[in-house]
Amino acid sequence: MTEELIIAGFGGQGVLSMGKILAYSAIMQDQEVSWMPSYGPEMRGGTANVTVIISDERISSPILTKYDTAIILNQQSMDKFESSVKPGGTLLYDPNGILVHPKRKDINIYRITGSKISTQMGNKKVFNMVILGAYMKAKPIVQLENVIKGLKKSLPERYHKLIPLNESAITKGMENIEIVQEI
Amino acid sequence: MADIKLMKGNEALAEAAIRAGCDAYFGYPITPQSEVIEYLMMERPEDRTGMIVLQAESEIAAIHMVYGAAGAGKKAMTSSSSPGISLKEEGISYLAGSELPAVIVNVVRGGPGLGTIQPSQADYFQSTKGGGHGDYRLYVLAPASVQEMVDFVDIAFEVAFKYRNPVMILADGIIGQMMEKVVFPEQKPRLTDEEIEEKYGDWVTNGKRNNKERNIITSLDLDPYKQEAHNHKLQEKYRLMQEDELMYEMIDCEDADYILVAYGSSARISQKAMQLAREKGYKVGIFRLITLFPFPSKELNELAGKVKGFLAVEMSAGQMIEDLKLAIEGKAKAEHYGRYGGVVHSPEEVLEALENQIIKG
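Protein sequences, first through last, are from chains G and W. For the record, in the first sequence the residue sitting at position 151 is 151 according to this note's numbering, with numbers rising by one throughout. For the record, in the second sequence the residue sitting at position 214 is 397 according to this note's numbering, with numbers rising by one throughout.
Please keep in mind that the hints were generated in silico from the structure rather than gathered at the bench. Take the hints with a grain of salt, since some may be wrong.
Said to hold, decoys possible - Mimicking DMTMM-like on lysine to aspartate or glutamate, the simulated pairs with C-alpha atoms at most 20 Å apart in a straight line are:
(1) G:LYS86 <-> W:GLU531
(2) W:LYS188 <-> G:GLU157
(3) W:LYS364 <-> G:ASP56
(4) W:LYS491 <-> W:ASP435
(5) G:LYS20 <-> W:GLU531
(6) W:LYS516 <-> W:GLU411
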């Protein structure tokens, strides 16, 4: 099994940290991982993306042009990465701020209203965890228990009290994912 | 289960330096390697092992601090990225001339000049063929993973002290910035002053004792015959490195018709290109350079008799290809492919180049 994934959105949305949590979760499952950010002169408000690869085997290139899954969180990223999903692959997006919705017919498309849900939860910072939950439902590659283990390992102890909040955000994401099309 | 961490290449390298028993790090921040000094400042190794970490006022100051520490027999290290390494070249030449051990890390970015902050491999010439002035060589290691950023630090110090010669770890923006799984070795103790005296007492300048001659560290000798003899000695060291310290990795070369020759992140990208090529039925292997100097000329020459062609894949306008061509003496076709100036080639582009330039070309 190899999952080649790109997460793309605005800086400040938690794109890079979501990728990191995903990578940590895969390590907890004894898998190989790579996490490669776009590290241009980006800052909050600019675009940010990260390529995460999870595999049972040694990972070759950490940089790719075609992905099994694209998680798209703004219009610029939709414009850039919709065409990069492999045929038969998966596109997950948050419709917030999206004007031109995905048009591909040869891929699975899912929607998650992450901004709305995290606002309703009263904590916009868990936005990326809602998205992660939706991804875990669409592509069950990392298990929830391993995500929690990963969070425990990657977060300093003083933040461990926030893990239950993150867990409920993940659950919300899993529950609220909408199928746009499945092929 | 071993303690597995997920870390950036730059951070992993910094932690590895502490674990290798490094005595001092002197640096100056520059993208894409600033995490090295950031990590060391945060981690405060002075409390852990007594290792000193200092942000110098410039790259030039940092390399000369390394010179001073190395002269006292200390394990000293500096790191930078391309423009910063250019600034350090004077000091690197002096380290080589004075036969001082040191580890210099270059997390390469696009050039020339200030260039860009994106990954590149265009400092191959600078690392393997001088960089500074005079007839000298660095032992050059090219890590291709975060784990190798860790493993190569200890090797670098071992080789540096074995030959009393500066060693370079030549990474690039990808290896520095990406996170992968990594496992660290046990903490090596730093050498005590007594141990340094015992091991390196014949050359270190750690204070003159009454019962022995003064050690002198210098790269200056105005008598050309003495300087020539000194150069002979240096050349002999480089010959021994070629004999004893060469490292490379061959992946699926046994049945291969075509070989991708690459190092660092280009070797990783080439591995994906190899998978794609094999899916199309082409028998492709990879010759991954681990040391860039010494260069595996003999090994590539032998391989050249068995294959149809080589593609040197490097993020430069074609630097390592020159050594490859010299090595294979025209026995097989060899071409270069690479994006450069901070642009990273994709596995698909490498495959296309292989098809157009070598297989059909």
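Hint check against the structure, violated hint numbers in rising order = Structure breaks hints 5, 6.
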